[in-house]
Amino acid sequence: MSESTQIKGWSREEMAQRLAQDIPNGSYVNLGIGIPELVARFVPKGRTFIYHTENGLLGMGPSPAEGEGDPELINAGKRHVTANAGAAYFHHADSFAMIRGGHLDLSVLGAMQISQTGDLANWSTGKPDAIPAVGGAMDLVAGVKQVFVMTQHCTKTGDPKLVEACTYPLTGRGVVDRIYSDLAVIDVTPDGFRVTELCPGVDFKTVQERTGAPLLPANE
Amino acid sequence: MIDKRLPSAAEAVADIADGSSIMIGGFGEAGSPIELIHALIDQGASDLTVISNNTGSGQVGLAALLKERRVTKVICSFPKTLNSTVFPELYREGFTELELVPQGTLAERIRAGGAGVPAFYTPTAVGTPLAEGKEPREFNGREYLLEYGLTADYALIKGTVADAHGNVLYNKTARNFAPVMATAAEITIVQAARVIEPGDIDPETIVTPGIFVDRVVQIAEPVHESELIAEGVSYP
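Each protein sequence line maps, in turn, to chains A and B.
The first sequence: position 155 = 155 (my numbering), numbered continuously.
The second sequence: position 91 = 91 (my numbering), numbered continuously.
It should be emphasised that the hints constitute simulated quantities derived from the structure, not laboratory data.
The structure displayed is predicted, hence computed values, not measured ones.
Don't take each hint at face value.
[As the list claims (entries may be wrong)] Calculated cross-link-like contacts (lysine to aspartate or glutamate; reagent style EDC-like; alpha-carbon spacing at most 16 Å):
no.	chain 1	residue 1	chain 2	residue 2
1	B	Lys73	B	Asp47
2	B	Lys80	A	Asp129
3	B	Lys73	B	Glu97
4	A	Lys145	A	Asp191
5	B	Lys80	B	Glu97
6	A	Lys78	B	Glu227
[To be verified] Which bits of chain B does chain A cover? Going by a derived footprint, with three or more residues having C-beta under 8 Å, they are:
no.	region
7	18-26
8	81-89
9	110-124
10	128-134
11	147-155
[Said to hold, decoys possible] Label pairs and their calculated CB-CB ranges:
no.	chain 1	residue 1	chain 2	residue 2	range
12	B	Met1	A	Pro62	31 to 37 Å
13	A	Asn219	B	Ala230	54 to 60 Å
14	B	Ala10	A	Arg47	49 to 55 Å
15	A	Asn219	B	Pro129	36 to 42 Å
Idealized CB from N, CA, C, for every residue including glycine.
Use the sequences and the hints to build the structure in full.
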């Protein structure tokens, strides 16, 4: 614990900014609730992303000014949003046809655990007293063309989130393509986790120490 | 002459019997037909199965129906919402059973039910705990799960404008599950802020065609769940 507090990785905003650089112009994107929502603040100059929210809006815009929200114009996190020019509303079966039918380019999600084969756990601790709630996460990972995970590299108690095999209940099997953590950008490959980029000031050995599965270096 | 209008929410829900299954539109508070739900609380039906994305917030609307111990089963994708304390207590006590369904699977089960499709295969939830007990099948090298269409005795939904034939328009993201639920229920009951004469809605813009709707009630100024919660209202 004392060692991990000395490492200064990317902030959440920097993670979001780094991830946004990898989204091609014109992409249809679904941003998960929480940290992934930050990505919308860092759209690179000259690019336009069209945001999908599974409760029935394509072309979602930023939050309105305080007090100007419409309770019937919300995102999947049930927060007030706006609709950009060119937006469309639709019902839930159409919304998930977009998701499951492979029409969305990218889903950005948070994670509790990611395995070296790309399994994702992000919906339940599996504890007997937990109220299970899944929402649209299982549909997103099953249907969207690419799945990026944005997460702190370790849990608050210092346990690795990138592991050989998930111990929490799965959201999907072999679904994660790339991970943006506070320490590194890591691809999920047929050979396991591959570090493609390290946060400046963080070395490979440090990331490996905080990862529960073997890491491959970028150029190997 | 076809006229599906009824004078009050109370009359619209009067025949809902104990043990009925009821689809309730809404995603969070957006599209939640609060006045119809409150009329159902007043009416007294119990042992209900509710199919809805969430389980309500605060002590009003769907949460109030649960709090009154009228609902013994929910079929739902996300029974955890901010200010949602009623369902967790009933669930832990064992009074209300939960069938947890991924959101897209819930929407598609309702769509299928309304479209006369008894079952379908989906890639969602393969390899997860929610695949347990479901029939797997491979198509083109990928695994899918068998899911069943879902129908109900009643659907309670909220629109902005409806006409006497039951054609309905919605507001923004308040549309969500309502159009598919309207197709999947034996009796679909719509509350709308404005109820007008047939011919007064452009047929090109109609979202739910009247064939899917049985009863229409005008609720001119529907309340929003968040406003009631902010005022500290507890229904009834």
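Here is how each hint holds up against the structure:
For the given pair, Lys73 (chain B) sits about 8 Å from Asp47 (chain B) by alpha-carbon distance, which is consistent with the 16 Å threshold. Taking the CA atoms of Lys80 (chain B) and Asp129 (chain A), the gap is near 13 Å; set against the 16 Å cutoff, the hint holds. A threshold of 16 Å between alpha carbons decides the hint, and for Lys73 (chain B) with Glu97 (chain B) the separation of about 4 Å falls inside it, so the pair holds. With a C-alpha separation of about 21 Å, the suggested pair Lys145 (chain A) and Asp191 (chain A) falls outside the 16 Å cut-off, and the hint is violated.
Restraint check: the Cα-Cα separation between Lys80 (chain B) and Glu97 (chain B) comes to about 14 Å, which is no more than 16 Å; the hinted pair holds. Restraint check for Lys78 (chain A) and Glu227 (chain B): satisfied, since their Cα atoms lie roughly 15 Å apart, inside the 16 Å limit. Counting residues of the region 18-26 of chain B whose CB lies closer than 8 Å to any CB of chain A gives 0, so the stated coverage by that chain is violated, three being the minimum. Three residues within the 8 Å Cβ limit are the bar, and the region 81-89 of chain B against chain A gives 4, so the coverage statement holds.
Taking a C-beta to C-beta cut-off of 8 Å, the region 110-124 of chain B contributes 5 residues in contact with chain A, enough for the three needed, and the coverage statement holds. Remark: the region 128-134 of chain B is confirmed as covered by chain A, as 3 of its residues place a Cβ nearer than 8 Å to a Cβ of that chain, reaching the required three. Counting residues of the region 147-155 of chain B whose C-beta lies closer than 8 Å to any C-beta of chain A gives 0; at least three are required, and the coverage claim is violated. Between Met1 (chain B) and Pro62 (chain A), the C-beta spacing of about 48 Å breaks the proposed range 31 to 37 Å.
Checking the proposed 54 to 60 Å range against Asn219 (chain A) and Ala230 (chain B) shows it holds: the Cβ atoms sit about 57 Å from each other. Restraint check, Ala10 (chain B) to Arg47 (chain A): a C-beta distance of roughly 54 Å satisfies the suggested window 49 to 55 Å. Evaluation of the 36 to 42 Å hint for Asn219 (chain A) and Pro129 (chain B) yields a pass: the beta carbon distance comes to about 39 Å.
When the structure is compared with the earlier hints, violations turn up for hints 4, 7, 11 and 12 and for no others.
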